[in-house]
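Student: Each chain is listed here by its residues.
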Amino acid sequence: MNKIMNLRFLAIAFCTLLTQSLISQQLINGTIQDTNKNPIPGVNIIIKNSLKGTVTDFDGNFSLQANKDAILVISYVGFVTQEITVTDNNYYLITFLEDLSQLDEVVVVGYGTQKKEVLTSSVSSLKGKDLAKEPLVNAIQALQGKAAGVQIVASDAPGRASTVVIRGLGTVQGGRDPLYVVDGLLTDNINNINSSDILTLSVLKDAASLAIYGNRGANGVIIVTTKKGKTGKLKVSLDSYTGVRDILSKVRVADGKSYVTYFNEAALRDFNNEKDASFIELPSQSIYNTNWLDEITRVGQVVNHNLSLSGGTENIRAFFSVGLYDEKGIIKGNDYNRLTLRSNVDYKLSDKLNFSHNVSVQLSNLDVKNDKLFTTAYKQTPIIPVRNQDGTFANASAYNNVGNPVAELLFQDERHKLNRIQASFNMNYKIIEPLTFTSRFSIELDNNRFIKFDNHLARVEAAGSAFSGDAENTLTIKNENNYRWFLDNYFTYDKTFNEDHHLKTTFGFVSEESRRSHNEAISNDLPIEKNLRYNINNGSNRNSNGEIEPFIRLYSYLARVNYEYKDTYLLNASYRRDGSSQFKEGDNFFGDFFAFSAGWIVSNENFMKGGIFDKLKLRASYGELGNQNVPLNVLTAGDLNESRYSFNGTVVEGITIDSTVVPLTWEVTTELNLGAEFAFFDRRLTGEVDYYERTNTNAILDVALPSPYGLQGFKDHVAEINNTGVEVLLNWSNQVNEKFKYNIGTNFTYNKNELSKILNPFFFKSIGGNLGNGQFTKRVDVGQPLGSFFLHEVEGIDDKGELVYKDLNNDGSIDENDKRYFGSFIPKISMGLNLGVNYNNFDLSVEAFANFGNKVYNGKKAQRSSGENTEAVAFNNRWIPERPSNFEPGAFNSIPLASNFFLESGDFVRVNNITVGYTIPSENLKFFSKLRIYASAKNPFIFKDFSGFNPELPGDDNGNPLGTSGVELDAFPNLRSFYLGINTSF
Amino acid sequence: MKKINNNNKGYNKLLFIAALVFVFSCSKDYLDVDPNKPIPEQLNADDAEGLVNSIYSAHLQWVDSGTEVWNINSFSWIGVSSITSDNAEKGSIPGDPGRDKDLLDDFTFTPTVLSFSDLFEGHYKGIQRANQALSRIPTFEMDAALQTRLIGEAKFLRAHFYFRLAKMFGGVSLITGRDSSLERATLEDTYKFIEQDLLDAISALPKKADYTLEDLGRATQGAAKALLAKLYMYYASNIDASKWQNVWDLTNEIMISNAYGLMPNYEDVWKDSHENNQESIFEIQGHGQLPTLVGIQGYSQTQAPRGGDDNLGWGFNTPTQDLADSYEAGDTRSDATIIFRGETLFDGRLISESVLNPMYNQKAYSSTAPSIREGEKNIRVLRYAEVLLMNAEAALETGRDAASPLNTVRNRAGLGNAPTVDKAAIWRERRHELAFEHDRFFDLVRQGRAGQVLRAHGKAFVDGKHEYFPIPQVQIDKSEGILIQNSGY
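Just so you know, the sequences run in chain order C and V. Quick note: the first sequence, position 242, residue 380 per our numbering, numbers continuous. Quick note: the second sequence, position 385, residue 395 per our numbering, numbers continuous.
FYI, nobody ran anything at the bench for these hints, they're computed from the structure. A virtual CB, placed ideally from N, CA and C, is assigned to each residue, including glycine. Hints may be right or wrong, so weigh each one.
For the chain V half of the interface with chain C, some residues (derived, Cβ under 7 Å), not all of them [said to hold, decoys possible]:
| hint | residue |
| --- | --- |
| 1 | Leu-41 |
| 2 | Lys-135 |
| 3 | Tyr-221 |
| 4 | Thr-222 |
| 5 | Leu-223 |
| 6 | Ile-382 |
| 7 | Gln-483 |
| 8 | Ile-486 |
| 9 | Lys-488 |
| 10 | Ser-489 |
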């Protein structure tokens, strides 16, 4: 054996010597960079058919001796291996292309990572560098239309989060938000995370991936991993953009002349169409024609800068970033700014011991302006000016009860200051080769301040009225302090036995504590000078309230086992036992959550080799998840004011409990997932298909026992809520040549949401979608999707121009019993389309998003009554005796019943993003190592049926199906934005 | 760096120990977090009296969100217990139905009439409060005498609520807690349930004289006996005639106890200045004086004279001409019961000639606050005069002396002894003595002649149907079919 080796070595050596003597060698230099012009250190360069080779240094540079016509083989994990033939040149700039087959892609999952190739669960992941191509305030926005099964209802209000629903809404009263995990820290939103700092974003969707998060897994989990420093020379990046924003789609309201006509017609109807002496008509010549929406809005402006530093030595790697975002919102005075700081450092203390810390700080300020202003502007009559000639604000009390939108805007003196610090300290210790111990302590501190100064006196005086209130002004200052900490300790065991058996297990225990507190102080009659008015001590009538809430503590055990046989047969089990201080029924604080999954990579079987599939993986999972964020029946004794009585003329106090305490526990969701992943055409076409059935088996809803029990309503586990869906993800990527690559991705989600079963006959069909005028638009019921509209049905318009409602139960009167269901605001189908093209130094990305199958309610139109303005369309098409209409009723002043007249299709297709970038060739750069400039249009177009501003309506209560989700009332409209930006590195 | 490497083993052990200590030190103590608000479990002996006060309070206001809801003693109760009878009619003006009082007056009501809902729900809310008190107070460590008394009061009040439900709806669901069955009990079982509560109350409650003045208005042993006597009267009339003996026994006990006596002047009984008088056995207390109004909302206001100079109230539940005409000459109760148009009342108030109805209910009139919604008026629920009349009827049924108690009542009203002492005489006396005291309609049903009397009065009373009112439709619907509707509806 040895001899043969020696002989071979000799032979090669000889040949090498021979060629060296025959052909002259030259010294070749080169730089290897990725498509973003970033140098890649550690790349292997080997001369083909030789043992000679080298590795690039920190700056991606290499040099070696090679002959002309020698072939250099350049390889690196995650990139397509390239071969370069040596020519007479002695400098080579090689652009390395990423390996799109992503065979080695690693996905972050709970308490660890897994290779995507052998994953048996449904996880969508996005890379930070894909997010960085376009301007983003919040990374969640970028998820819209990119991940199947993830429904994002975007809000464009400054500083406001979008609502996220993963695989359908599974709860009514419980928390609806997914769990967010930022570098191991569990939190409830990522508004504080600068999207430029994100390395990867994983969305865990099925039980197999979620069970490790136990009683917080039921709504899905979004894991954010932030960037780390890279070994090598210091790299400084500065990314900036600036842009303008305005309302994507406006609703045209009636102008002054139309308003007067409508007003007079409606008044005539109030007089039963008979003008008597007391009937007063508005003169048809109005002086003013105020456009209130224009008066309260402006073109919004955004500026964002992000500076990051990254670098490191062998033992210490550091990443630091500072981000500054400043927005002047589209409502005048609605300003928002945010400063984010991050420091992520990794220390290699020894071969066995690694330590890292991630610290992030957010400071933000928001000058609050109510969304209700949009409704006020919509309703206010155009025939009054903003200000009277004497400078006071005009009021419309002669016409309606709506305030002056500009006055309301100006007198809203309200500011929110949200500060958040997140830090995690992480230690990895390799005990013996396959066994690693990880210990992590993380903490999150929130300190929020809400300041509101309400100047009643100025408000009244500005309206030209006499002041008669108690206090001239009121200052309210509220402080909120929340903290939570986590201590995670777990072991990872990762070993391959006999080549074919790969075992990876994680097991450990985690504990958590959180506590919220708030206090609020109020005082009256402060001096109105700006420097004095925010000091509670300067006021009178001071009073305060506040609470330190009880601790919420969790203590949990977790375990996960992955087993792979021959990289083909995959098994996975995960388990979490959660103990929670919030649930102590029968002294048992603990709940068990688990999942099993299995996968089969069919394409690795011999019989599939050489077939059309580059990859075919089938997988299945089933598990139980929990939602601990549920309302508890907190019943406090003696809080009733209806229990007084008197004896012998003296009042006595009573105490009673008019309800009952049903001990509640977490909601348990079971989820079945069947999926397939496939790749064709040299992995240029990849895709995934998933089918899921999620059932919340014990959803909490209101229960109203029949009156003989004499108890007020309470909450109980009474329903099953089912979400069944299909997700399809297809991606075509092609690197045509070195200059041209493109990809087209599309995803499709179908979800059927239903309150499928009722377990308690006394379940109360709670109503919702309150329009604030006595009309409710929604109701919870079995057999219906959550948030279903429950409305009167309009038959048509009668010969008096009035809406005619169907008497569904034929009892001769129109009442609650004549309402029926008309579908939900929750879309059945959503789709995303993403296109990316790189040609030479140009890049283009286009993203579109669509949703279908839902209904939205034009709440502001439905709320309109006496003397308020109406929509131009409603005016132009209204019924008048000379022109009967079946589209719009005649002018009226009464409050219309909640009916399907105001219900419209929520379908829309919107282009979310068009970004064109140009990267200046690095040869032309001196100071910079990279410079890209781009232009971006966000939401440039929408195609919709809805007559309102915007069919995307998160509602007033964070997506509560019984709130105003899907009802356009006091809603912030979608914006379109145009940005210019640069990405630089030096 | 080197050092750490060298100490690897020590580090190793330390880590494990730290980890293990952490695992095992963590226990339920960590998870057992105290709440920061008082919870029902923390109610204690100090709250016992409050728990019972709240049952009394169930008589007063019910304000549910949204729709107009009335307490169980005013507008809805007036409609169901009085306007239905031959003593009263809807009153007010023709255009004001008082929500549904016209339907009650004419017997054209249906199960969706809201007055029934108010009363059905309101009484059960009171029962729930009694159940809360009865489930908690026995568990408290407290003064035994007070504990016994409070349990007695709760049982009395629960019996009072159930008795009223039984009079209105027949046999009802007997709820003592959240686990009770919703199925309606028979009338007899309902009576038996009330009987047991009242027997318990009799043995638990102090006599009126044993209460201090500050407790004036609480349920007494005498009140429990009087209410039980009345229950037995219904029991005897509707189910088991042998209960007349019990009626006689109990009324006789009250009479010989000398704890109560008739007021010399009938009219004085309802004056604000004579609340909780010697004749009174149980009253619902209204307190209409500032700063804290704890009155029976709307009781006086809905019945006070409408229109005229003062426009005191809404003018509902007005006396019928038939009632006015039925008094014997010289009966002082006629003027004490009825406010006549143009009359000057005992307190000097002139009732204008221009009020909209010829007669109004004087027993609801409050001198101190005739027109305010949350007034001073106490409702006299049980009076000694009724004890005498029950005694008379029981005596007649059991062959004893009925004339003495009957004549005591007549004599006080300025009348001579009854020419004949028979059922008709006693019933007639009940009509006049107890007019507008929410007894007449139920009394007619008990006497078995409601149809005959009311049809003669022009009402569409149907025998076998209208003896009991319908269970509110909304309750039938909510019960998922467990509550069965009364026959005929």
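Student: Each hint should be assessed against the structure and marked as holding or not.
Tutor: To see whether the hints hold, each was checked on the structure:
1. Leu-41: holds (5 Å)
2. Lys-135: Nearest chain C Cβ about 5 Å off; hint holds.
3. Tyr-221: violated (9 Å)
4. Thr-222: violated (9 Å)
5. Leu-223: This hint holds: Leu-223(V) lies near chain C, its Cβ roughly 6 Å from the closest one there, short of 7 Å.
6. Ile-382: violated (15 Å)
7. Gln-483: At 11 Å from the nearest chain C Cβ, Gln-483(V) fails the 7 Å test, so the hint is violated.
8. Ile-486: Since chain C brings no Cβ nearer than about 9 Å to Ile-486(V), farther than 7 Å, the hint is violated.
9. Lys-488: Given a least distance of 4 Å, the restraint on Lys-488(V) holds.
10. Ser-489: Since chain C brings a Cβ to about 5 Å from Ser-489(V), closer than 7 Å, the hint holds.
The structure fails to meet hints 3, 4, 6, 7, 8 from the earlier list, while all remaining hints are met.
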